[in-house]
Amino acid sequence: MNPTYVLIVNSDVNSQGAYSAYVFAKELLKQQYKISQVFFYQDGISNTNALVCPASDEINLVALWQSLNIDFDVELICCVAASLRRGVVDAALQQEQQLASFNLAQGFRLGGLGEFVAASATSDKLIQF
Amino acid sequence: MKTLAIINSAAPFGQINYRESLDMALANASFDRPIALFFYGDGLFQIVKGTDGTLTGHKELGKTFALLEMMDVEDIFFCQQSLETRSLTPKHLLLDGEVLNQGAWFEKISQFDQVINF
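Chains as they are written, first to last, in our numbering: chain A, 106 to 234; chain B, 185 to 302.
Since the hints were made in silico from the structure, they are not lab data.
Keep in mind the model is a prediction, meaning the values are calculated, not measured.
Every residue, glycine too, gets a C-beta built ideally from N, C-alpha and C.
Watch out, some of these pointers could steer you wrong.
Claimed, not checked - Pairwise CB distance ranges, derived in the manner of DEER restraints:
1) B:Pro274 <-> A:Lys230: 30 to 36 Å
2) B:Gln295 <-> A:Gln121: 44 to 50 Å
3) B:Phe290 <-> A:Met106: 28 to 34 Å
4) A:Met106 <-> B:Lys233: 34 to 40 Å
5) B:Leu272 <-> A:Gln136: 43 to 49 Å
6) B:Lys233 <-> A:Phe177: 44 to 50 Å
7) B:Val232 <-> A:Gln121: 46 to 52 Å
What the hints assert, rightly or not - Only some residues are given here: those of chain B computed to face chain A with a beta carbon under 8 Å:
8) Asp207
9) Ala211
10) Asn212
11) Glu282
12) Val283
13) Leu284
14) Gln298
15) Ile300
Unchecked claim - Pairs of lysine-lysine, PhoX-like flavour, derived with a Cα cap of 20 Å:
16) B:Lys186 <-> A:Lys139
17) B:Lys292 <-> A:Lys230
18) B:Lys186 <-> A:Lys230
19) B:Lys233 <-> B:Lys243
20) B:Lys292 <-> B:Lys186
21) B:Lys247 <-> B:Lys233
22) A:Lys230 <-> A:Lys139
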């Protein structure tokens, strides 16, 4: 049986690490490997910000991650503590913390470190970017 | 359950790697997952006794590191060469751990299923 993967993305949306993570994830999925979760942590949180808006001739990695979620139904989980530190929240957290707006991009979901632990502890491979 | 090695090489306070690494360690330990912490390079400065993080506008983490012991995280390793080049010895450090030379260091890390670097 093919090994199962968890990817942890600690790299900023504008870094090579984040793009490499996307390319690697896409190739795994195309080859029908199972990714049980892509977990965004540390500066990787910037990959989940709906307000990221690069110039039109540059790659929009947030949109690429979203397409991966739509095409392959892969779970994109963002660490909630890391997200709060960096100003990325969903509508529920916006209300709870009484913030001006929310900006978690569609296709991503906030989750605790516990979700990462549960997924990675039962996966064959953990790859960090 | 797959085992996990967490490797710390960043000095504290310049970035928050130390803080988010510790969160990661504690989360895994709270699920009783077998983990180990490895400190090398400037990462050793994260656990030097008498450090006052509040001077740099950060939270003091000494007490949070102490939680590791409460959660039975006992596999803690220090790189011998990194200690020597920084004039540190295990008695300068907040955590009890084992000093490994370079060969033993890589041998030990290779025993874990998964690795995360901070």
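Structure-based check of each hint:
no., hint, in the structure
1, B:Pro274 <-> A:Lys230: 30 to 36 Å, "holds, 33 Å"
2, B:Gln295 <-> A:Gln121: 44 to 50 Å, "violated, 30 Å"
3, B:Phe290 <-> A:Met106: 28 to 34 Å, "holds, 29 Å"
4, A:Met106 <-> B:Lys233: 34 to 40 Å, "violated, 48 Å"
5, B:Leu272 <-> A:Gln136: 43 to 49 Å, "holds, 46 Å"
6, B:Lys233 <-> A:Phe177: 44 to 50 Å, "holds, 49 Å"
7, B:Val232 <-> A:Gln121: 46 to 52 Å, "violated, 32 Å"
8, Asp207, "holds, 6 Å"
9, Ala211, "holds, 4 Å"
10, Asn212, "holds, 5 Å"
11, Glu282, "violated, 24 Å"
12, Val283, "violated, 26 Å"
13, Leu284, "violated, 22 Å"
14, Gln298, "holds, 4 Å"
15, Ile300, "holds, 6 Å"
16, B:Lys186 <-> A:Lys139, "holds, 17 Å"
17, B:Lys292 <-> A:Lys230, "holds, 18 Å"
18, B:Lys186 <-> A:Lys230, "holds, 9 Å"
19, B:Lys233 <-> B:Lys243, "holds, 15 Å"
20, B:Lys292 <-> B:Lys186, "holds, 15 Å"
21, B:Lys247 <-> B:Lys233, "holds, 12 Å"
22, A:Lys230 <-> A:Lys139, "holds, 10 Å"
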